[in-house]
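**Q** Protein sequences, first through last, are from chains A and B. Residue 2 is where the first sequence starts when you use our numbering, and the numbers rise one by one after that. Residue 5 is where the second sequence starts when you use our numbering, and the numbers rise one by one after that.
These are computed hints drawn from the structure, not numbers from a lab. Just to be clear, a hint being listed does not mean it is correct.
[Said to hold, decoys possible] Partial list, derived from the structure: chain A residues whose beta carbon lies under 7 Å from chain B:
#, residue
1, F108
2, A111
3, G272
4, G276
5, L280
[To be verified] Output of the computed footprint for chain B on chain A, the stretches with three or more beta carbons under 8 Å from beta carbons of chain B:
#, segment
6, 95 to 107
7, 168 to 181
[To be verified] Simulated coverage check for chain B against chain A, where a stretch passes if three residues somewhere in it have a Cβ under 8 Å from a Cβ of chain A:
#, segment
8, 43 to 53
9, 261 to 273
10, 278 to 286
Where is the CB? At the ideal position from N, CA and C, for every residue including glycine.
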Amino acid sequence: MATQLIRGGSILLALAFVGLTLISYPSINDLAFRVAMLIIVATSWNIMANAGLVSLGHSAFWGVGAYVGLLTANTGMPLGVSITFGFLAGGLLGILLAIATARLRGFFFAICTLGLSEGLRVVALMLPNITGGAVGLFLAQEARPPLKLIFLLGSIGAILAVAIAIVLSRLPFHYACRAMRNQERAAQMLGVDPRIYRARVMALAGALAGAAGSLNAMYGGYIDPSIAFTLRVTIESQIAPILGGLYTIAGPVLGSGVIVLLAEWTRLAFGANEGLSQLIFGGILVFAILFMPLGIVGVWTKARARRRRDSSMVRGGDPPDAKPRRAGA
Amino acid sequence: MSFLPQAIVDALLLGGIYTLMVIGLSVSLGITRVINFVHGEAIMLGAYAAYWGLTLLKIDPLLALPIVALLGAVIGFLVFKGLIAPVLDAPQENQILLTFGLGLVLQNIALILWTGNERSSNPPYAFSSFDFDTVSIPGGRLIAVCAAIIMVVALFIWLKYGEWGRASRALAENRDAAILMGINVPFLYAFTFGLASALAAATGVICSFIFAITPFMGFDMLVKGFAIIILGGLGSIVGSVAGAFLLAFAETTVAYYVPSGNGWAEAVAFVVMFITLIIRPRGIVGQVTGQ
Numbered sequence: 002m003a004t005q006l007i008r009g010g011s012i013l014l015a016l017a018f019v020g021l022t023l024i025s026y027p028s029i030n031d032l033a034f035r036v037a038m039l040i041i042v043a044t045s046w047n048i049m050a051n052a053g054l055v056s057l058g059h060s061a062f063w064g065v066g067a068y069v070g071l072l073t074a075n076t077g078m079p080l081g082v083s084i085t086f087g088f089l090a091g092g093l094l095g096i097l098l099a100i101a102t103a104r105l106r107g108f109f110f111a112i113c114t115l116g117l118s119e120g121l122r123v124v125a126l127m128l129p130n131i132t133g134g135a136v137g138l139f140l141a142q143e144a145r146p147p148l149k150l151i152f153l154l155g156s157i158g159a160i161l162a163v164a165i166a167i168v169l170s171r172l173p174f175h176y177a178c179r180a181m182r183n184q185e186r187a188a189q190m191l192g193v194d195p196r197i198y199r200a201r202v203m204a205l206a207g208a209l210a211g212a213a214g215s216l217n218a219m220y221g222g223y224i225d226p227s228i229a230f231t232l233r234v235t236i237e238s239q240i241a242p243i244l245g246g247l248y249t250i251a252g253p254v255l256g257s258g259v260i261v262l263l264a265e266w267t268r269l270a271f272g273a274n275e276g277l278s279q280l281i282f283g284g285i286l287v288f289a290i291l292f293m294p295l296g297i298v299g300v301w302t303k304a305r306a307r308r309r310r311d312s313s314m315v316r317g318g319d320p321p322d323a324k325p326r327r328a329g330a
Numbered sequence: 005m006s007f008l009p010q011a012i013v014d015a016l017l018l019g020g021i022y023t024l025m026v027i028g029l030s031v032s033l034g035i036t037r038v039i040n041f042v043h044g045e046a047i048m049l050g051a052y053a054a055y056w057g058l059t060l061l062k063i064d065p066l067l068a069l070p071i072v073a074l075l076g077a078v079i080g081f082l083v084f085k086g087l088i089a090p091v092l093d094a095p096q097e098n099q100i101l102l103t104f105g106l107g108l109v110l111q112n113i114a115l116i117l118w119t120g121n122e123r124s125s126n127p128p129y130a131f132s133s134f135d136f137d138t139v140s141i142p143g144g145r146l147i148a149v150c151a152a153i154i155m156v157v158a159l160f161i162w163l164k165y166g167e168w169g170r171a172s173r174a175l176a177e178n179r180d181a182a183i184l185m186g187i188n189v190p191f192l193y194a195f196t197f198g199l200a201s202a203l204a205a206a207t208g209v210i211c212s213f214i215f216a217i218t219p220f221m222g223f224d225m226l227v228k229g230f231a232i233i234i235l236g237g238l239g240s241i242v243g244s245v246a247g248a249f250l251l252a253f254a255e256t257t258v259a260y261y262v263p264s265g266n267g268w269a270e271a272v273a274f275v276v277m278f279i280t281l282i283i284r285p286r287g288i289v290g291q292v293t294g295q
C-alpha cells in the first residue's frame with residue numbers, strides 16, 4: 002500500500018517536474034534546472050559508489066562534457082548532438098579511468114579521480130588553442146538554444162537518470178556491483194570480472210555526468226578551466242546521495258533537492274558569499290557520516306519499521322501495557 | 005645549459021618544501037591509516053596563525069612556530085578523539101568523506117573569517133637571497149629546507165628510540181599485537197594524529213613566507229601531497245621524502261626545459277601519480293598495495 006503510494010507519488014512528482022519547465026518564472030526554472038543537474042550527477046556518483054568506487058572527481062566528467070558540448074555547439078551542431086557528444090566524452094573518460102585504475106580501490110581510487118579532475122583543469126588551462134585557456138570559451142550567440150528547451154531537457158535528463166538507476170537496480174548487474182563493493186575478491190570467485198563491471202559502471206556514470214556538464218555549459222554559455230572542473234560539482238555530487246541515502250534510488254534525488262534549496266536559502270539570507278553554503282555542506286557531510294550513515298531514506302525506513310513493529314504488537318493480542326516494562330527497555 | 009646549476013638548486017629547495025608538506029601526512033597515513041583530507045587545512049590554519057601572529061602581535065613566524073605546532077597538536081588530538089575515532093573501523097569510504105567534509109568546513113570558516121584575499125607574512129628574511137656566480141638561493145626556501153631536515157631527523161630519532169615512537173611503529177605493523185602488548189592504542193592513535201597535525205601546522209608557518217596564504221592553499225598542497233605519498237609508497241617516511249624530491253626534480257625539469265613549462269609543471273604531479281599507480285601501485289618503497 003505505502004509502496005504503491007510512493008510509486009504513484011514519484012510519478013506525479015516527475016510529471017510535475019517536467020511541467021514546471023512549461024511555466025516561465027526565471028528563478029523557479031533556474032532552481033529546477035539546478036536540481037535536475039544535481040540529480041543527474043548525484044545519481045551518477047551513487048551508481049559508482051554502489052560498486053564500491055568512491056569518486057572525488059566527478060567534476061572531471063562534468064568538465065570534459067562541458068568542453069566537448071560547447072566546442073561541438075560552436076561548430077554549428079544542434080543541441081542534441083552536442084549533448085550526445087558530451088555524453089560520449091564523459092563515458093569514454095570513464096572507461097579510460099576504469100582501465101587506468103583497474104587494480105585500485107578505496108583511497109587509491111578516490112585520489113586518482115581527484116587527481117584526474119585537477120590534472121584536466123591544468124590541461125584545459127594549457128591548451129588555449131582548443132579550450133580558450135584562462136580566457137575561457139563562449140557559446141556562439143547563434144548557437145544558443147532556447148532556454149525553455151534547455152530546462153525541458155534538464156528535467157527529462159534527470160528523470161531518465163533516475164529511470165536508469167531504477168532499471169539497473171532490478172538487473173543482476175546491480176547485485177554484481179554490490180558484491181564488488183563488499184568483497185571484490187569474493188565477487189571475482191563467483192565469476193564477476195571486476196574489470197569489466199568497473200568499466201561499465203564508470204562508462205555509464207561518466208556519460209551521465211558528461212551529458213549533464215554539457216547541458217549545463219549550454220545553459221551558462223561560458224566556461225573556463227576553473228568553472229568547468231569546479232570542485233563544487235565533486236562536492237555536491239557526493240553530499241546529495243549521502244544526505245539522501247547512500248546506495249538508494251530516492252537518496253540522490255532527495256539530497257539534490259535539499260542541497261540546492263539549502264544553497265539558495267543561504268544565498269538569499271546571507272548574500273553571495275559562497276563560503277557559507279560550502280561550510281554547511283561540509284557540516285552536513287560530517288554529520289551524516291557520523292550520525293545518519295543511511296541518510297534521509299535510512300531515517301524514514303527505520304521509522305517505518307518501528308511503526309510497523311509497534312502496530313503489530315497492538316494487533317498481536319497483548320495490550321502493550323499489560324506487563325510493566327522494564328526501565329530502559 | 006647555463007641554468008643547470010640553478011635548476012638543481014631550485015629542485016632541491018622545492019624538494020625540501022614538499023618534504024615538509026608530506027611528512028605529517030605520511031605519519032598519519034602510515035600509523036593511524038586514516039585517509040586524512042584535513043591535513044591541507046591544518047597547513048592552511050598554521051599559515052594563518054603565523055600571519056596573524058606577525059601582523060597583530062609582531063611575533064616572528066619562526067619564533068611562533070613551536071607555539072603554533074603545539075596548538076596544532078592539541079587541536080589535532082581533540083579532533084581525532086571527537087570526530088575521527090568513531091569512524092576508525094568504518095569502511096575507508098567513510099573516513100575519506102568525513103575528513104573531506106571536515107576540510108570543507110575549515111576551509112570555508114577561513115574564507116568567511118579572512119576572505120579569499122592572498123596574504124603573506126613578510127619577515128625580513130623572506131626576501132633575502134644568497135647570490136653566487138650562476139646560482140641564487142632564496143633565503144625563505146633555504147629556511148624551509150633546514151626546517152624539513154630538522155623535522156625529518158627528529159621524527160626518525162623519535163620513531164627509532166622514543167618510547168611512544170617505538171610503540172607507534174609497533175602499532176603500524178600489527179595493531180592487534182600492539183593491543184596485546186599493553187600499548188594504549190586509542191591514545192596512541194590520537195597522539196600520532198596530533199603529531200601529524202603539529203607537523204602540518206609547522207609546515208603552514210614556514211609556507212606563510214614562501215607562498216601566498218589563501219583559504220584554499222591547503223587543498224592544493226594536499227592533492228600534491230597525496231601524489232607524493234603514492235609515488236613514495238603509502239606508510240613509508242623514507243619513501244615520502246624520496247617521492248618529494250623526485251617530484252620536485254620532475255617539476256623543475258618540466259618548468260625549465262618545456263615550452264610554457266611553468267604551467268605544465270602543475271600537472272606533473274598527477275601524471276606521476278597515475279604512472280605510479282598503473283606500473284607500481286605500492287610506490288617506491290611502500291609496503292601497502294593498492295588493495
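**Q** Determine for every hint whether it applies to the structure shown.
**A** Hint check results:
no., hint, result
1, F108, "holds, 5 Å"
2, A111, "holds, 5 Å"
3, G272, "violated, 11 Å"
4, G276, "holds, 4 Å"
5, L280, "holds, 4 Å"
6, 95 to 107, "holds (count 6)"
7, 168 to 181, "violated (count 0)"
8, 43 to 53, "violated (count 0)"
9, 261 to 273, "holds (count 6)"
10, 278 to 286, "holds (count 4)"
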